[in-house]
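2 protein chains.
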Amino acid sequence: MSVKVFLNEGEIPRQWYNLAADLPSPLQPPLGPDGNPISPDMLAPVFPMNLIEQEVSQSRWIKIPDEVLNLLYRWRPSPLHRAVYLEKALDTPARIYYKNESLSPPGSHKPNTAVAQAWYNKTFGIKRLTTETGAGQWGSALAFACSLLGLECKVFMVRISFDQKPFRKIMMQTWNADCVASPSKETNAGREILAATPDTPGSLGIAISEAVEAAVTDKSGETRYSLGSVLNHVLLHQTVIGLEAKKQLEMFGEKKPDVVIGCAGGGSNFAGLAFPFVNDKINGAQIEIIPVEPASCPTMTRAPFVYDHGDTAKMTPLLAMYSLGHAFIPPPIHAGGLRYHGMAPLVSQAIVEGLLTPQAMVQNECYQAAVTFARTEGIIIAPETSHAVAAVIREAKKAKEEKKQKVILFNLSGHGMMDLAGYDAFFQGKLQDYVLPEEDIKKSLSAIAGYPKPSANKSGKW
Amino acid sequence: MSVKVFLNEGEIPRQWYNLAADLPSPLQPPLGPDGNPISPDMLAPVFPMNLIEQEVSQSRWIKIPDEVLNLLYRWRPSPLHRAVYLEKALDTPARIYYKNESLSPPGSHKPNTAVAQAWYNKTFGIKRLTTETGAGQWGSALAFACSLLGLECKVFMVRISFDQKPFRKIMMQTWNADCVASPSKETNAGREILAATPDTPGSLGIAISEAVEAAVTDKSGETRYSLGSVLNHVLLHQTVIGLEAKKQLEMFGEKKPDVVIGCAGGGSNFAGLAFPFVNDKINGAQIEIIPVEPASCPTMTRAPFVYDHGDTAKMTPLLAMYSLGHAFIPPPIHAGGLRYHGMAPLVSQAIVEGLLTPQAMVQNECYQAAVTFARTEGIIIAPETSHAVAAVIREAKKAKEEKKQKVILFNLSGHGMMDLAGYDAFFQGKLQDYVLPEEDIKKSLSAIAGYPKPSANKSGKW
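Here the protein sequences come in this chain order: A and B. Taking this note's numbering, the leading residue of the first sequence gets 210, the next gets one more, and so forth. Taking this note's numbering, the leading residue of the second sequence gets 210, the next gets one more, and so forth.
In isolation and in its complexed conformation, chain A is listed as follows (with noise of 0.2 Å):
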C-alpha cells in the first residue's frame, strides 16, 4: 500500500480557487478612517493594482500565470501522505491524509503567496518588498522569493525573536534580503518608539508599522508591502494545496475527506487546505471542516465577529473579522505563527455562515501531539502544525469509539527544524497551558468599543 503520492508538474491546478464567489453573503467590505467602504485605489500606495485587482475578485477561478506556475514548480506539487503509522499507534479505523507543506525549501506553505505577491509586484514594475516577520517563518519565505526573481526584499524582525533566533536572520540574508531587528532607527515610528522605550522588545504591530512606512514613504514608487496571511489574495494563493490534495485523495480511492483540519493563525494554510471543500461543502458535501487555534489567542472560539485594524498601530483598514482587538498581546507560546489578534476575513465570514467548526488547544496536548507524530511518521512538525494534529488525535480518537472509519485530512504546514527550542521546554515540562482569562478579552475588546459593526446576518451569532 502506498504511503503517498506525488503528482507530475503537470497535474498542478492551473487556476486559484475564490471562495468569496461561493459565500452565500458577501464579504463585508474593508472601511476607511471616516467609516465608508474604501476603495480599491486607496490600496495603491500599499499594494501593487494587480494584487488589489485579486483581493476584490469575485471570479471564482483565477488562472495562475505560467510564470507563477514555473516558480510553484520549484518545490510543487507537494505529496499527500496517508498517516498508517500514526493510525496504528492510534489504533484508529479512521484514514488520516496529509499534505506535506514542509518540503519547500524556506520549509513551509508561506513560499505559495510569496512567490505569487512577488511574481505580480515585479510584473506590475515594482523593484523591493517590505514586510515585518515575528518568528521568521514568513519573512523567511518572502526573502526566498525575492531571491527567485532579483527583488529587493527588506524584513523588520520583531527584535525579540531578532535578538532569540539568528538562524532565522541568516537565513534570509542568505536570500539576499535585508533583515533589521524592530523597532528600528530606519522609520518615523521605529525611531520615535525607540525614543520613548528604548529597551522595547518590539512587537507585531510595530514591525508592521514599519514595513508599511518604509513602503509608502519610498519616493521612487518603486517599494511595496507584502502580507503573508489574512487577505483574500493570500488564502487565494494557498488554495492549490487543497486543489492538489483533492486529486491526491482520489489517487488514493477517496471520495472525499469526511473531516478536514488546518491551524489557523492569520488563516492562510488552513484556508488553503480548507476552501475548495468548503466550496464542496456549500454545494451539499457533508464534510467537517475545522481551523485549530491555540486556547492563549482565541480569535475563533471566543472573539467576536468585529470590525477591527489589521495591525496595532492602526495603519490598516478595517476588516470584518473575529478579533480580540487590535492592540491584544497573546501570551508567549511557542507557535508563534498563531499569535495574531484577527482572523482572515474569508476565515471569518465562512465561520459566521456556520460553515466551519473551530477549536482551541492549549500547548501541552499539541506537543503531545507532536511527539506522537515525530515518534510515528516521522516528521518533526512546526509548533504551528502541532496544533492541527492534536485536533487529528481527538477525530481518530473519536471515530475509534464510534468505531467509523472516517477519512480525516489535514494540512503539515512546515517542518519544526528552526523551532526546536519549544520542544524542548515540552520534555523539560516547562510548557504552560494558558487559556486566555475573559477579563482580558473583556478589556483588550474595550479599545475598539465605539468602531463601526458588521451589518447583521442571518447566520451570524453577532
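Quick caveat, the hints were computed from the structure, so don't treat them as lab data. Note that beta-carbon positions come from the ideal geometry of N, C-alpha and C, so glycine has one too. A couple of the hints might just be wrong.
Below, simulated DSBU-like cross-link-like pairs (lysine-lysine); rule was C-alpha separation at most 30 Å, straight line [to be verified]:
#1 A/K297 x B/K272
#2 B/K612 x B/K297
#3 B/K394 x B/K272
#4 A/K455 x A/K606
#5 A/K336 x B/K297
#6 B/K639 x A/K394
#7 A/K456 x B/K455
#8 A/K456 x B/K456
#9 B/K331 x A/K297
#10 B/K612 x A/K374
#11 A/K297 x B/K336
Taking beta-carbon pairs under 8 Å as the criterion, some of the chain A residues facing chain B (in silico) [to be verified]:
#12 V212
#13 Y282
#14 G316
#15 I379
#16 I588
#17 D633
Chain A is fixed; fit chain B onto it per the hints.
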C-alpha cells in the same frame, strides 16, 4: 520544461548495487591486531551477522527487503531536479542535474542506511543501537530510524558540538534517542579521559570508542553499534540514490551523465550517487566521477593509500584506505561531516583503480557556491554539500569555456537549516581557507609508519 521529476513508490530500485563485485582488483581485507585478515565472526560483538554478511558480500545485486522499502517510502524516491536557474546564472551550455536528498525528515541522505541498519538489527533480535555523532547529522538519522522501529538509541555526541548545537540534541530527543555529551561518565573510555582531561572538548575518536564500548560491553547481548559511513554495507544502502537518478535522467531524456560529483567525508553520499555510474565506467562509459573533499582534510588528494584504524582509539580493525592517520585532527571547518581522517575502502580502491578523480576545495569557494545556489535554485544546502556545488560550478564554467554541452549530475546530500552559523561566518568574512600543511600530514602519518601495507596493485600509487 520540467525542472524536476518524481518517481512513484513502485519505481524505487528493488536491489542495492554492490561495487565490490565489479572492481577490477578485489578489496584488501580488514586486518586484526595480529596483522592477519579478520574473519566475519570477529565483528559479531559489534554488528549483527546479517549486516556483516553484507559487509563481506561479493554479490553484485542485493535484494532490498520489502520492510526496508516500506521504511524508505516514508520519503523516497527523492526527486531529480534540473538546475535550470543555476545554469542560466552561469551562462553555461552544461545541463546540470541534482538528486535532492535534503527532503528526508532528518534532512540528509543519512536515513537511507539508518533505516536499513536499524531494520537488520531489529530482525537479528537487537533491541538497542549505539553510535557516535559529530555535528549531529548521523545521530539524528539513526535516532529517526530507531524511533520508527521501536529500537532504543544511544548517541555519544562530541562535547563541543553537544554544547554548541543544542538543536541537534533536541531533534534526537524528539525521536526518542538518548544523546549524551562525549566523553561521558557512562563508559570506561569516557571516565578515563574525563579524569585525565576534565575540560576536553571531545573528539569523534573518543565518541566512537564510547559507542563501541557501550555496545560490546552490554551483557544482554541485545546491543550493537551502528556506523553512518565508511563501511561497505553503509555505501551499499546509499546506492538507491544513484539507481533512482539513472531512471530519472532517462525521464529527462539524458542517456548518461558526463560528470558525476559528490562531496566525500567518509564517502557514503558520494558512493550512493556515483557507484552505479562507476559500474557503467568499468563497462566502458565515458564518465568523469569526482569526489570532493575539503583542502583542510585532504585524504583522497594528498594522503597515501595505507592500512589504518577507522577510529582514533584504535578499536576498529585496520582498513585499506586513503588516510591522514587515525590521530589526525583537522582544522575546525564548518563542514563537520567531511572532517574524517580516512576514506571508505570502496571509494579508496576505486581511486587506486583510476576510476575517480578527486578534488579538494577551500571554504570560501564552497560557501560562495552555496550562496549562488541558494539565490538561483532556492535551496540552502549543508556545508558538506557546498563542496559538491563548488565543483559543479567549476565544471560548468569549464563547459562554457570549452563550449561543450556536458551533462553534470551531483548529489544534494542535505539542507543547511541546522548549520546556518557557517553562512553567517561567510557573510562576515570570517571563514578561513585552510590548506593542510605538508608537515602536518607527515607528522600525523608517522604514527602508522610500522603498520602493514596494502599489497601491490597494478594501478595503485602507493
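**OP:** With a cut-off of 30 Å on the C-alpha distance, tell me whether A/K455 and A/K606 pass.
**Re:** 24 Å, holds
Original post:
For the hint on A/D633, does the least C-beta distance to chain B fall short of 8 Å?
Top reply: 5 Å, holds
Subject >> 30 Å Cα cutoff - pair B/K331, A/K297 >> reply: Satisfied, since the Cα-Cα distance of roughly 19 Å is no more than 30 Å.
**OP:** Verify the proposed pairing of B/K612 with B/K297, using a straight-line Cα cut of 30 Å.
**Re:** Satisfied, since the Cα-Cα distance of roughly 15 Å is no more than 30 Å.
Original post:
CA of A/K456 to CA of B/K456, is that 30 Å or under?
Top reply: 25 Å, holds
**OP:** For the pair we were handed, A/K297 and B/K272, check the Cα-Cα distance against 30 Å.
**Re:** 27 Å, holds
Original post:
Keeping to a limit of 30 Å between CA atoms, is the pair of B/K612 and A/K374 held or broken?
Top reply: Roughly 46 Å between the alpha carbons, so the hint for B/K612 and A/K374 is violated.
Subject >> Hint validity - A/Y282 Cβ closer than 8 Å to any chain B Cβ >> reply: 5 Å, holds
**OP:** For the pair we were handed, A/K297 and B/K336, check the Cα-Cα distance against 30 Å.
**Re:** Holds, at roughly 21 Å.
Original post:
Taken at face value, is the distance from the CA of B/K297 to the CA of A/K336 at most 30 Å?
Top reply: The given pair, whose Cα atoms are some 21 Å apart, holds under the 30 Å limit.
Original post:
Does A/I379 meet its interface restraint, that is, does its C-beta lie within less than 8 Å of any C-beta in chain B?
Top reply: 4 Å, holds
Original post:
Taking 8 Å as the limit, does the beta-carbon of A/I588 come near enough to a beta-carbon in chain B?
Top reply: 5 Å, holds
Of the hints listed earlier, those the structure fails to meet are numbers 3 and 10, in rising order.
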